[in-house]
Every structure is written in C-alpha cells, then in structure tokens.
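Given the sequences, and given the hints that come with them, work out the whole structure.
Number of protein chains: 2
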Amino acid sequence: MRIVLDAMGSDDHPEPELEAAAEAHRLWGERITLTGPAEVLASRVDPSRVDIVDAPEILEMDNKPAVAAKKKPNSSMAVGMRMLKHGEADAFVTMGNTGGAMATALFQLGRIKGVRRPALSPVFPVRDSSTVVIDIGANTDCRPEYLLQFGIMGSIYAEIFLERKNPRVALLSTGEEEGKGNMLVGEADPLLRASELNYIGNVEPRELYDGEADVVVTDGFSGNVFLKTSEAVAARLVELLRTEIEASPITAAGGYLVRPAFRRVGKLLDPTEYGAVPLLGVDGLVFIGHGHSNTHAVVSALHAARKAVSRGLMQALREGLKDSL
Amino acid sequence: MRIVLDAMGSDDHPEPELEAAAEAHRLWGERITLTGPAEVLASRVDPSRVDIVDAPEILEMDNKPAVAAKKKPNSSMAVGMRMLKHGEADAFVTMGNTGGAMATALFQLGRIKGVRRPALSPVFPVRDSSTVVIDIGANTDCRPEYLLQFGIMGSIYAEIFLERKNPRVALLSTGEEEGKGNMLVGEADPLLRASELNYIGNVEPRELYDGEADVVVTDGFSGNVFLKTSEAVAARLVELLRTEIEASPITAAGGYLVRPAFRRVGKLLDPTEYGAVPLLGVDGLVFIGHGHSNTHAVVSALHAARKAVSRGLMQALREGLKDSL
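First to last, the protein sequences are chains A and B.
Numbering-wise (my numbering), the first sequence opens with residue 1 and increments by one.
Numbering-wise (my numbering), the second sequence opens with residue 1001 and increments by one.
Do not take every clue at face value.
Derived CB-CB ranges, DEER-like [as the list claims (entries may be wrong)]:
#1 B:1143 / A:292: 33 to 41 Å
#2 B:1066 / A:211: 39 to 47 Å
#3 B:1051 / A:211: 24 to 32 Å
#4 A:64 / B:1206: 21 to 29 Å
#5 A:128 / B:1029: 46 to 54 Å
#6 A:307 / B:1243: 21 to 29 Å
Derived by calculation from the structure, the hints in this document are not laboratory data.
For every residue, glycine included, the Cβ atom is placed at its ideal position computed from N, Cα and C.
See below:
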C-alpha cells in the first residue's frame, strides 16, 4: 500500500506529520511518503522508514484557493496528488486548507467520469452506530442532481468503509413529512426516490443522531451549519456543565468522580479519532483533515486512508458511479 | 393589557392553557382571554378571572396549513387573531401548529406595510448573554432582500425586547471571512453592509454561541437546521454522559453529587423557559410556542407576550420598518 502524506498541511506542520509517519511504521510496518520541501524534511526523518518526495513550493492560502492551486504546481499538495494521478500512490492525506485541497484535487486529479461535484463526507458518531453526512462543505450551492450523486457516493462509501449492507439514505430536512424542507430538498426527493438507492425520505437532525439513516445527504452549506453547530453545542454544553460543577464544593467533588465518564464521552466525540474526511468524487483517494490536527489525528487519518485503500473504495466508486449515472 | 391565548393549541390542550390562564391571574392579576369552543371551556374556568371567546371550529392540521387557515374562519387561532386585527387585543399566543399559525396570521392579519416575509425569531442562550436568531423556519427559501428585512426586524426586536443598544447584527455562515458562505449569504452581505444596521459580517455557529452578535440572520432552512441540531446535540450529549456516568459505581456516586449542576444547565437550556417565539412582520403581536408545551411553557409564553406589549414592540416595528424599507 502506498500512502502519501502532505508534510506541510497542519497548523503545526511538519511536526505532527513527521511523528505520524514514524508512528505508521511502528504500528503497521508501513512506509509513508511525505511530500514537502526536502531541505526541511530530509534531516528529520529516518530514511529507512519514511520516504520523502521533494515539493519545494509553499501553498499560501489567500481567498482564492483555485488560483493558488494552479499557480503552485510544486506544492506539497499538488505533488502528492500528481503521484495519485500517475498511479504512484493509492491515497493522499492532507491536513491543509480544505478549499486549497479541493481546488488542487480538481485541478490535478479531475473528477470520476460523470460526477458533477465532489463532496466531503465525514462519519458522525450517532446512537449505537455511525452515519455518513455528505456534503459537509465542499459545495455551498447545490442542484438537485448533485444531491442524488451525493446519495450514490455516500451509499457506496457506507457500504465499503462502514460495511453497511444496503445503506439507508436520507435527506437532511426540517421535518420528517414529505413536502417539508426547502425547494432543493423538494426537488431532490423524487430523484432519490426514483434511484436504486435504499432511500428512506427526510430526517431531521434528531433522527440523524438517533441513527435512523446510514447516509444523510445535504447541500454543503446546511451540512456545514450542521457540523459546526454540533461542534459548537457540544463544546458549549461541556463548558456550562464544568462551570456549574465547579460552582459548589459538593458538585465539584462529584465532578472529580465523574471525570472518567466525561473523558469517555469526550473520546467518543473527539474529531481527532476520525482524523480526516474523504473528498468523494475526485479521481483519486484524497483525505482531508483539520488544520489543527495533532499527531494522533494524523495517525487516525492515515488509518482511515489505509482502510479505504484495502477495501477498494476507489474501485467501488468508479464501478458504482458508472452503473448509476 | 389584553392578552389572548389559543386554548386549543398544545398537544395536551386545553389543560396547559387553562392552567396557565389561571396562573397568569395569580401571578400578575391579569385577565387572559381564551379562544376555543365555549362548550368545552366554559365549565372549566373561573369567569371572575379568565375570559372566554367562543371559537367553535377545530383546526385539523393536514399538509396544507394555508388551506386550513382559510377554510376555518372560526378556529381558535383565527378568532384570536381577528381580535388583534380589530384592536380588541394586544397580543395573541398559541402553542398550535407553526405552519397553521403562520398561515392564519398572514390571512387574518396580513403583513406590516413593506414587509416581504414574516419571520420566526427565538432567543438563544449564549455565553453570558442571549442572541436573537431570525429566521428559524418560517421561510425555507429566501431572497437576499428578505435577509435584510430579517436583520431590521431582528435588530428592533433585540433593542426593545432584550434592551440591547445598537444591536450587533451578523449573517450565519460557514466561515467568518468575507466571501465565505453560499450565494444567498454573498448577496445579502452588501445589502446589510449598506444598511443603517450595526452589521458586523459573518458568524459561524461557534461565534454565535460565544455571544459575538445580538442578532443572527439566516434563511429559515439553515436556521431550522441550526435550531434542531442544537437541540439534538444537547439531548444526545446529556444522554451519553448519563450512560457513561451510570456505567460504574464510582462515577454513579459522582453523578448523584453533580445532579444539581446538570439541573441548572438543563434549566438554562430548557426551551420551556422561553415559552414562545414571536412571528415578526405580521401586523399584530403573535407568539407561537411548541406543541408539546406544558403549563410552565405556556406561562413563559404569556410572560414574553406581556413584556413585548408593555415595551411597545409592535409600535417600534411599525415605526422602524417605515423608516428603513
């Protein structure tokens, strides 16, 4: 398996990436290839365990990732993705700017034949299970046909990556009844209904968290509001509880005792456990993680990429999309 | 002050409404007027404390609230709203179906002159403060001009109801930087910027919960996703913590001690503390609450309506919108 890791992606680069690459060798005996300026990286890796491919250009992320992607053909992202393109790698992992990674992927890899818009599809922990939400921010303005394709890609991803049989696909909406939601949802509904997907209709955020669907389809704006609201509310609620627990000596004593429970819940919800999100629909396996990833998050991202490669996600997407588009 | 309460709104009607009306007399010496079938209500109220206006028709909520609103001119909602229209009441409060209440309000009251779309604007508890979010679901598909008007109405509401001076108005988006968000946000931004509002640009859900704005403007679909995700994540997180706390005797003992802290946080986040949400932009003061409201929630709703009347919200909206539309 040949996994390429952008050494210059995370906010603290290249430390988390260097440590994660070394850890991958320890854990799985895997040689990770790092892309980045060789002069920065060479002295800091053990060449018997980690490979380096020189990528001297630094991608400065201004407001125009598309322009940056074209202007810097030798950035660590561009070099890594070209390796995918040329069959020299099986997956590319980056903790870099999401907009930049998407633009570079579109420019260097292009889309799988027939795909209108690639989409970001993280896996959310839900009651007793997990759920793919697609799209979470790659496409802020969508057409109904895009949502149908998100459903197809998400369903294949859930089948392969989460080993779900006949995944239940739903539309994120503001009511469970047919006819609830905005115009986009109203127009995507008949397309999904007419497809070969196991489409179950609308779900609201509560049903999503109750695990009623395996794949929840949404436009990237609403999906991003969903993701960021989830993160914000969890952080806010934990903060509130902490403040109230510390407000009296008795609750503070109780707080000491319940700490392991808080830790277990924190771990369950910790985004670093997931590491990175696949950009489904581009013609190569690309995983994009948070800029503020630490070593653990990068290792998780590498783990996700390995799993996707070993289960043949890319071939499944190419095959599945060929049949259904 | 003349507050009219729909006796037939809540899922458990008319019990919560009857009890809340009696409670209003105890708390504030206020005579509430209940609308609903006199034959159901008359024997159950103390006529020296609560008034009844007969409204014999029952509003069955199918999928077409607009049709129902027109076909039942003598429903408890329609009768109450006509009292507003004819100057026989200062505010109308209902726990009934939101779609039905909006349709009935538009049909019976119409809009304040110049208003394109009425909007639902609840107040969210945020760090050390509270924030108006508008719209939370009345308009699933919006044009940029609607968002500008939501900003104007929300700003007046925050000024009057929350006593904020020069309220900070923001757009809900998927990034703080200018240019982030979908097309609607991109087109609403210059309108808000050119207005006389204290517009501070985009906020993400985290900034919203950090209290960085007094009013957050959004289309009703994203707003509803925001609201329902907030509720779902809070419920899910509390459930997870409870499960993990009960998983061992030590954490369970701690759980017993921290219970008051959980209760205080629960109260802080409890929607029944807010009771009802104003439908801003219709030509009369209408508050709409949850169908599953209990007596406490209905009392809170009556309290909110009283506050809005005594502070002159309706006049402020009429004046403020006249100047700025």
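Hint-by-hint comparison with the structure:
For residue 1143 (chain B) and residue 292 (chain A), the Cβ-Cβ distance of about 36 Å falls inside the hinted range of 33 to 41 Å, so the restraint holds. Between residue 1066 (chain B) and residue 211 (chain A) the Cβ separation comes to about 35 Å, which falls outside the hinted range of 39 to 47 Å. At roughly 48 Å, the beta carbons of residue 1051 (chain B) and residue 211 (chain A) sit outside the given window of 24 to 32 Å. Take residue 64 (chain A) and residue 1206 (chain B): their Cβ atoms lie about 25 Å apart, and the range 21 to 29 Å holds.
Take residue 128 (chain A) and residue 1029 (chain B): their Cβ atoms lie about 52 Å apart, and the range 46 to 54 Å holds. One distance hint, 21 to 29 Å for the beta-carbon pair residue 307 (chain A) and residue 1243 (chain B), holds here, with the actual separation near 27 Å.
In summary, the structure is inconsistent with hints 2 and 3 from the numbered list given earlier, while agreeing with the others.
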